[in-house]
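Student: Below, each chain spelled out in residue letters.
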Amino acid sequence: MKANYGYKDGSGDFFITVDTDLCSGCGACASACPAGLLVVGEDENDPLNDNPVCAVRNERRRGIRYACAACKPLRNRLALPCETACKRDAITHEW
Amino acid sequence: MITAGVDSGAQNVRVVIMKDGEVIGRALAPAGLSARVAAEEAYRGALSAAGLTRKDVRKIFATGSGKRDCEFADGEIAGLQACAKGINFVMPDARTVVDLGAEAGSVFRINGSGGVIDLAVNEKCAAGAGVFLEAMARALETEVEKMAGLYDRSKKRITIYAHCAVFAESEVVSLVHAKTPKPDIVRGVLSAIALRTASLVKRVGTEGQVAAIGGVALNKGFVKALEEELGMRVTVPEGPDYIGAIGAALAAADGKAEV
Amino acid sequence: MPGKPEFWRWPESRWRNPEIDWTKGGVITCGIDVGSISTECVIMIDGELYSYGSVRTGSGSSDSAVKAFHKAALHTGLTPENIDFTVGTGYGRVNVPFGNRAITEIACHARGANWMYGPRVRTVLDMGGQDCKVIKIDEKGKVIAFLMNDKCAAGTGRGMEVFADLLLIPVQEVGETSLKVEEDPPPVNSTCVVFAKSEATKLLRAGWTKEKVLAAYCSSMAQRVVSLIERIGVEEDFAVTGGIAKNRGVVKRVTKKLGIEACDTKWHDEKYASKGFPFDTQIAGAAGAALFAKTLAEKEGRTNEGKLRI
Numbered sequence: 001m002k003a004n005y006g007y008k009d010g011s012g013d014f015f016i017t018v019d020t021d022l023c024s025g026c027g028a029c030a031s032a033c034p035a036g037l038l039v040v041g042e043d044e045n046d047p048l049n050d051n052p053v054c055a056v057r058n059e060r061r062r063g064i065r066y067a068c069a070a071c072k073p074l075r076n077r078l079a080l081p082c083e084t085a086c087k088r089d090a091i092t093h094e095w
Numbered sequence: 001m002i003t004a005g006v007d008s009g010a011q012n013v014r015v016v017i018m019k020d021g022e023v024i025g026r027a028l029a030p031a032g033l034s035a036r037v038a039a040e041e042a043y044r045g046a047l048s049a050a051g052l053t054r055k056d057v058r059k060i061f062a063t064g065s066g067k068r069d070c071e072f073a074d075g076e077i078a079g080l081q082a083c084a085k086g087i088n089f090v091m092p093d094a095r096t097v098v099d100l101g102a103e104a105g106s107v108f109r110i111n112g113s114g115g116v117i118d119l120a121v122n123e124k125c126a127a128g129a130g131v132f133l134e135a136m137a138r139a140l141e142t143e144v145e146k147m148a149g150l151y152d153r154s155k156k157r158i159t160i161y162a163h164c165a166v167f168a169e170s171e172v173v174s175l176v177h178a179k180t181p182k183p184d185i186v187r188g189v190l191s192a193i194a195l196r197t198a199s200l201v202k203r204v205g206t207e208g209q210v211a212a213i214g215g216v217a218l219n220k221g222f223v224k225a226l227e228e229e230l231g232m233r234v235t236v237p238e239g240p241d242y243i244g245a246i247g248a249a250l251a252a253a254d255g256k257a258e259v
Numbered sequence: 001m002p003g004k005p006e007f008w009r010w011p012e013s014r015w016r017n018p019e020i021d022w023t024k025g026g027v028i029t030c031g032i033d034v035g036s037i038s039t040e041c042v043i044m045i046d047g048e049l050y051s052y053g054s055v056r057t058g059s060g061s062s063d064s065a066v067k068a069f070h071k072a073a074l075h076t077g078l079t080p081e082n083i084d085f086t087v088g089t090g091y092g093r094v095n096v097p098f099g100n101r102a103i104t105e106i107a108c109h110a111r112g113a114n115w116m117y118g119p120r121v122r123t124v125l126d127m128g129g130q131d132c133k134v135i136k137i138d139e140k141g142k143v144i145a146f147l148m149n150d151k152c153a154a155g156t157g158r159g160m161e162v163f164a165d166l167l168l169i170p171v172q173e174v175g176e177t178s179l180k181v182e183e184d185p186p187p188v189n190s191t192c193v194v195f196a197k198s199e200a201t202k203l204l205r206a207g208w209t210k211e212k213v214l215a216a217y218c219s220s221m222a223q224r225v226v227s228l229i230e231r232i233g234v235e236e237d238f239a240v241t242g243g244i245a246k247n248r249g250v251v252k253r254v255t256k257k258l259g260i261e262a263c264d265t266k267w268h269d270e271k272y273a274s275k276g277f278p279f280d281t282q283i284a285g286a287a288g289a290a291l292f293a294k295t296l297a298e299k300e301g302r303t304n305e306g307k308l309r310i
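Protein chains in written order, with our numbering: chain Z, 1 to 95; chain P, 1 to 259; chain Y, 1 to 310.
Worth double-checking, as some hints may not be accurate.
Said to hold, decoys possible - With a straight-line Cα cutoff of 27 Å, these simulated DSS-like cross-link-like pairs (lysine-lysine) come out:
1) P:Lys-124 / Y:Lys-197
2) Y:Lys-180 / Y:Lys-212
3) P:Lys-182 / Z:Lys-72
4) Z:Lys-72 / P:Lys-224
5) Z:Lys-72 / P:Lys-124
To be verified - Computed far set for chain Z versus chain Y, every beta-carbon distance over 12 Å:
6) Met-1
7) Gly-6
8) Gly-10
9) Cys-26
10) Gly-27
11) Ala-28
12) Ala-32
13) Pro-47
14) Gly-63
15) Pro-73
16) Asn-76
17) Leu-78
18) Thr-84
19) Asp-89
Rather than coming from a laboratory, the hints here were simulated on the basis of the structure.
Even for Gly, the Cβ is constructed at its ideal location relative to N, Cα and C.
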């Protein structure tokens, strides 16, 4: 399942996509995120799936653009820690 | 040389009159239904404050989203350039500038001569601009001017989860019904917009002195919340909402129309 | 605000299936969708629709859940104690007092849309009171992909409410009113509801009729919704659930922009269709929850199958 967390508002589209078919629930991305946005837990959108997967914390989804700003400076931008930590390319930022 | 700068913003039109690098008169008028009419009114007010008439002014430049509505301007300058020029003049050490107006917010970095290096904006979303605070003030049955005082009396930091002016209004109303103390709600509201503004600062990077301009910089509560969010001092020049107009007046004196 | 007329809330409703006697039933399950604006309760017997009730959410999620249950159970003699398994969904899903499990509205709307519209549905659009979601599903109603916005009021029921309030038009009439124009005017420029409202105020002052302003806003809302749908890709059959399905003004403009028709708002189940059971798109979430409740009840052995109920 492709889980798109985030929103679209007047300023643009801001989504983090987790592919739960690829995600192993290892939690590397969650540990790497300096803003503590990610958490590993039960697949809340597939109640019959027992495998843990990564998701953006519910209470942080609405502020995703603001929370991720520190990792997206205009200059000297490095690869995103969450995307780099994931060995399966299960997590991507759409902006 | 006497010049004038007209900053035609989303909510107000502001005019400054400058003589040899000094502001000698200024005035504002609500944009209302006609920015053109408001520009005339603000110009008359500024002239009156300066004790001058139209023929004393050599050149007039307009800036802001409604600059084309100013029919008596001789030239134009882009809003960003006007603000950069204005703040550099008023605060030569300012390098990171937070500009929060009624309908948009931006953060930009400038060099020592007022040239813009980087820019990040929050636009087309009321949550990142002055109208957000106005909506929250209404929901709290208070005024934007009273927010600083309420912020100072807050004893507890609460989080407003909504990042939308419409949803935040409902959230604030619920908090009021739940008998949350108003000072704490105000602090939550100011922290929320400070957080959104701080995210722009993080994109642009802080270097040197941080300045805050635009109408929202008049809100001392917001400035305190922003300082708390950034963990650094934010300086507000006198008349922060006139910085754009000052930049336009200075550009008029230079004679260079940069659009 | 006390005393202010509420133009913008869908009316409360309820319905009961006259053909089922719950005392003879097998697995009795309940799904409660606690939304920000309305709360729906669906009661199923052996996965068949028994009754439903829809109430205004008001200020307390747990109170609304109970109220919705009592609306659905009215005149039936059913109490929460008779229910084998209850699943809560929606914004207030953890606040259902007699809920056995909470499941997200994404999963529940997917399952509910599959149940109401049939196994050919692949793309579901739902607009709730404070959110807008697009869900891609398989033939069993399992989620393949989803996108949900609940940050920005644009494209949500609340966004529509702001306009209904501005123009003093009850929400049930918004859709039809927006279609009373010769041709569609340009959409409102701003996505943001706050700025769109200012724009609309200026248009009204410039002499635009209410119909024209509403058309411009529904057009803008449709454009936004379409761009969300296109982000995860639309695939037929395309079905709409939630309150927005009742707003022909938005649905028509969405399907026109997508170039693809939406499923007719009627039961896939021929039995229900032929008996004329009401097809209320707002119960999709609660229905999906009630179906999950059945699966979980059977999985956990929590049924009274075969036992007479006193």
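Student: With reference to the structure, classify each hint as holding or not holding.
Tutor: Hints, one by one, checked against the model:
no.	hint	result
1	P:Lys-124 / Y:Lys-197	13 Å, holds
2	Y:Lys-180 / Y:Lys-212	8 Å, holds
3	P:Lys-182 / Z:Lys-72	35 Å, violated
4	Z:Lys-72 / P:Lys-224	25 Å, holds
5	Z:Lys-72 / P:Lys-124	21 Å, holds
6	Met-1	5 Å, violated
7	Gly-6	8 Å, violated
8	Gly-10	4 Å, violated
9	Cys-26	22 Å, holds
10	Gly-27	21 Å, holds
11	Ala-28	23 Å, holds
12	Ala-32	24 Å, holds
13	Pro-47	5 Å, violated
14	Gly-63	8 Å, violated
15	Pro-73	23 Å, holds
16	Asn-76	29 Å, holds
17	Leu-78	26 Å, holds
18	Thr-84	24 Å, holds
19	Asp-89	16 Å, holds
In this structure, the earlier hints numbered 3, 6, 7, 8, 13 and 14 are contradicted, and the remaining ones agree with it.
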